[in-house]
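**Student:** Spelled out, the chains give:
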Amino acid sequence: MSEVAVEKVEIEKAPKEPLFSTKNKKLITDPLNENNPITIQVLGICSALAITVQVKQAVFMSLSVLVVLMAGNWIISALRNLIPNRIRIIVQLVVVATLVTLVDLALKAYVPDVSEKLSVFVGLIITNCIIMGRFEAFAMGNRKWPSVLDALGNGLGYAWILIAVAVVREVFGSGKFWGFQLIPDSWMMANGGFYMNNNLMILPPMALITVGVIIWIQRARNTNLIES
Amino acid sequence: MAINKEGSAYTFGFAALMVIITGASLALVSLGLSSNIKKNEADKKMMDILSSINVESERTNAAQIFNSVVKERILLDADGTVIRTMNTDVDPANLEDPFNVDVQKDYKQKISKLVQANKNDKPVLLEKVSEQDVQYPLFRCEKEGETYYVVPMVGTGLWGPVWGYIAMKDDLKTVYGASFDHKTETPGLGAEIKEDFFEKQFTGKSIYEDGQYVSVSVVKAGKAGDSEYAVDGITGGTITSTGVSEMIYRTLAIYDNYFKTQRAS
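Going line by line, the protein sequences match chains A and B. Counted from 1, the first sequence has number 37 at position 37 by the numbering used here; the numbering is strictly sequential. Counted from 1, the second sequence has number 264 at position 36 by the numbering used here; the numbering is strictly sequential.
Treat the hints with caution; some may be incorrect.
Derived lysine-lysine pairs resembling BS3-like cross-links, with alpha carbons at most 30 angstroms apart [stated by the list, open to error]:
1. A:K108 - B:K401
2. B:K448 - A:K117
3. A:K56 - B:K267
4. B:K350 - A:K176
5. B:K350 - B:K488
6. B:K233 - A:K117
7. B:K267 - B:K350
8. A:K56 - B:K350
9. B:K233 - A:K144
10. B:K371 - A:K56
11. B:K233 - A:K176
12. A:K176 - B:K272
13. A:K108 - B:K422
14. A:K117 - B:K488
15. A:K117 - B:K266
16. A:K117 - B:K267
17. B:K350 - A:K117
Chain B stretches covered by chain A per the calculated footprint, using a threshold of three residues with CB under 8 angstroms from any CB of chain A [unchecked claim]:
18. 264-271
19. 405-419
I should point out that these hints are in silico values taken from the structure, not numbers from a laboratory. Note that CB positions come from ideal geometry on N, CA and C, so glycine has one too.
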């Protein structure tokens, strides 16, 4: 009996690889570009529309998603051999809902100003398809460390698109960056100047169009991404 | 005996355990953070009330400034009768404290439907609102020797609730200042109601015309001119502006019952 047990442990330990092997690095870099959750998989679009009006909101939203995704992927990966297959989606949903509620409570208690800005959108992280997608597609079938790296990669991939869209929308829609005025008041048409903020930028359709432009640039640079 | 992981017993057991663990951990964290969260909410409310009388405060000193500036917290019923007054320091845990009356909850549960149903008939709306079992808090403040009365307001914007505080001067006719906030109005459009340029317009306006209550209306941008009873609305934020206008009219009409008796005495 004891021999068998020892063998088993060895088998599990056998494919020991460095923490940042090429394979593990790819887990982080792939979602940033070639397999980006927003521009390639087109997941999590709703939040990309809703909270990209200001850069600050986008940054805190991205951070919240990153935390939830990393913790969730780790938990699901740790439990993956215990979760009954028939209710695995429910289990994943409970894990993400719990984590999001914890993040929401923590924001409310320690950074109330940010929490006010994000309002309902923190709660909506629960319905962000990226998170359930990573749980189901990756964490259910992989070890803890790769799962955390995968979460980090996807979270960052989500974050940079969100922040890029938010920069475009805040600068052209409100003439501000991180809340600081970029366009002097004297330029404004209301004060006799020649400039006017583009109100269309603030409305949700322009977020979609901005994401579309990013997808366009990405595919123009990397023709492998174009479907035949 | 190996456990059958696909069996119903295991599945139910797993689900039950999961619910107990997550439920317990959420309850614990929520309990642990609740005093922090309550304090943050109270601080924010104090900052909003103070900002309507142009007193700057931050989260760190809001309670201290509030307790020194707000001399009396008054609770009224719809007829303007005083239910109780308090002048001790605010206690966020004391539900009797007029400061802790949740005007937003009252609006959502008892008044918002009436507003929707009686959009075009202000007298009927006011009558129905005053029949509701709602209590109205009022804050009497003193700043640099002057007395101001701060009235909390709640209304409906385009996407969700809008709310704010309007401060009346000692004569209870002239507006001293106002501050507004919202939950989900469009940034750059309706959301501009919380910006200074909109709020500052209210200073010096009057809610009485020849002894008649008229409130301060938010009119189409550029149309207010020199009117004593109107301010310019937000371009592209018409529904939010109309909501703010309705909110001020309805709220001050109720408080006017109290203002009338105060002016008479």
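**Student:** With reference to the structure, classify each hint as holding or not holding.
**Tutor:** Here's how the hints hold up against the structure:
no.	hint	in the structure
1	A:K108 - B:K401	violated (38 angstroms)
2	B:K448 - A:K117	holds (28 angstroms)
3	A:K56 - B:K267	holds (24 angstroms)
4	B:K350 - A:K176	violated (40 angstroms)
5	B:K350 - B:K488	holds (20 angstroms)
6	B:K233 - A:K117	violated (44 angstroms)
7	B:K267 - B:K350	violated (37 angstroms)
8	A:K56 - B:K350	violated (41 angstroms)
9	B:K233 - A:K144	holds (21 angstroms)
10	B:K371 - A:K56	violated (35 angstroms)
11	B:K233 - A:K176	violated (56 angstroms)
12	A:K176 - B:K272	holds (25 angstroms)
13	A:K108 - B:K422	holds (21 angstroms)
14	A:K117 - B:K488	violated (39 angstroms)
15	A:K117 - B:K266	holds (17 angstroms)
16	A:K117 - B:K267	holds (18 angstroms)
17	B:K350 - A:K117	violated (34 angstroms)
18	264-271	holds (count 5)
19	405-419	holds (count 6)
In the structure shown, a violation is registered for the earlier hints numbered 1, 4, 6, 7, 8, 10, 11, 14 and 17, in ascending order.
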